[in-house]
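Start counting the sequence shown at 35; every next residue gets the next number (this note's numbering).
Hint data in this document are derived by calculation from the structure and do not stem from the laboratory.
Fair warning: this is a prediction, and the values are worked out from it, not measured in the lab.
Be a bit skeptical, because a hint or two may be false.
Claimed, not checked - Each computed DMTMM-like pair below joins lysine to aspartate or glutamate, with the alpha-carbon atoms no more than 20 Å apart:
(1) K340 x D298
(2) K185 x E214
(3) K179 x D213
(4) K60 x D213
(5) K342 x D327
(6) K60 x E220
(7) K60 x E224
(8) K465 x E224
(9) K132 x E157
(10) K460 x E220
(11) K60 x E214
(12) K432 x E212
(13) K179 x E157
(14) K219 x E209
(15) K180 x E223
(16) K185 x E224
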Amino acid sequence: MVFSSGTFLFFFLPVLLFFYYNPIFKGRRYRNYVLFIGSVLFYAWGEPVFVFLLLFSVAVNWGIGLLIAAADRKGKQRGKGWMITGVVWNLLLLVVFKYLHFLAANLGLLLHGDAGRYGVSVELPIGISFFTFQIMSYIIDVYRKKVQVQKNVFYVGMYIMMFPQLIAGPIVRYETVEDEILNRKETPEEFTAGIARFVFGLGKKALLANYLGQMADFVWTAQERSVLLAWIGAVAYTMQIYYDFSGYSDMAIGLGRMFGFHYDENFNYPYIAKSVTEFWRRWHISLSVWFRDYVYIPLGGNRAGKGKTYWNLFLVWLLTGIWHGANWTFVLWGLGYFVLLVIEKSTGKTGEKGISHLYTMFFVTLLWVLFRSGSIAQAGSFIGTMFGIGAAGLVGEKAAVFLSYNLILLITGVLGCFPMVPAIRKKLSVKAREWVTAGGMLVVFSLSVVALVAGDYNPFIYFNF
């Protein structure tokens with residue numbers, strides 16, 4: 035089930051809200067169980083088999099958390115062995131379901147020159163990368179004594195399976211919601227703010243990402259491409275993935291607020307960044323912070339000289355690429371950012387004005403082409419076309435017509451990447467801001483519903499990860 039569907043908007047969410055805010059049954063425990071059961075049903079809607087795997091993993095990690103806490107009380111090396119066991123268990127699930135086919139195919143290619151020699155077909159559970167990292171952060175933080183172990187298995191399940199962020203993030207740390215599991219306070223103001231955040235996130239998906247995605251798909255599947263058409267496709271996908279993923283994060287944060295939870299921001303206008311370093315402080319913030327706190331810093335961070343720092347960065351970005359998918363394109367995508375970040379660190383140029391923004395977006399766009407492509411060969415061919423290699427001319431009639439039909443969409447997309455709306459809101463009075471927000475919500479929601487009814491099914495890009 036996706037947020038941008040009639041089933042969710044007009045059936046699942048209203049029914050869940052009805053039971054959650056039922057005036058007959060009150061109390062935090064009742065609402066928590068409603069939210070847990072609703073989250074299980076939400077995941078089971080799309081994954082009727084893998085939901086049992088997820089529930090089993092919840093129980094295992096709940097038990098490991100208790101064992102870590104018990105070992106700590108007995109002074110047995112603070113439960114380090116149990117923490118490692120938990121991490122290995124979760125990584126094993128991730129490897130089996132996400133990377134086994136990739137590893138087997140490459141083993142066959144290496145040993146016999148045949149990628150299908152050891153072919154293994156394993157279905158990928160939706161959102162496994164997100165909830166695996168979320169689970170690991172919990173058991174690691176229990177071991178580090180950053181959070182108290184949760185003794186109620188249903189509350190651990192509620193934290194891990196919370197439907198707003200279960201499938202595509204943001205990756206929520208237990209410390210973020212630890213107190214709110216039992217002590218949150220739902221208010222009309224927070225509920226209204228949550229609706230507004232959800233609706234505008236829905237607009238990003240339905241009114242921008244879906245149509246930009248159609249543009250990108252057209253260009254990627256074209257038999258021949260001019261230089262201009264290739265650049266249009268690259269720019270369209272660059273904006274599509276931003277509006278798609280940030281739109282989902284907005285909806286997740288909005289839904290969280292509707293139920294009294296406050297998730298951290300996951301995007302902060304990344305396309306205004308003046309360096310690649312700054313870009314990754316603004317893009318998919320929860321993933322960047324996760325790798326920083328659980329990989330980069332434990333490895334030593336930047337505390338042991340340049341050589342060790344660069345090695346740590348290499349490992350982090352290799353893992354970041356692998357996290358996104360079982361394909362060499364993702365590995366090269368991650369290592370591409372490693373190279374750019376090393377260059378910035380070694381030159382000290384990480385935030386100048388002017389041309390730095392163009393340089394950042396130039397490389398971000400090229401790397402998104404690699405990210406979008408099904409193979410390294412396809413990415414190389416596409417990028418080559420962008421620079422005239424094998425291109426069907428510089429402009430081409432097809433590109434000119436295509437651009438004329440989609441120019442307004444592209445301009446709207448570009449403008450939306452800049453923080454213009456917050457700047458305008460600051461200049462309005464409180465009353466005017468309320469009226470503009472309410473009017474905007476009504477317009478965006480109405481147009482989004484029309485677009486979703488008229489359009490084809492288009493799931494979120496990050497559902498694949």
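*Looking back at the hints listed earlier, which ones does the structure fail to meet?*
Violated: hints 1, 10, 12, 13, 15 and 16.
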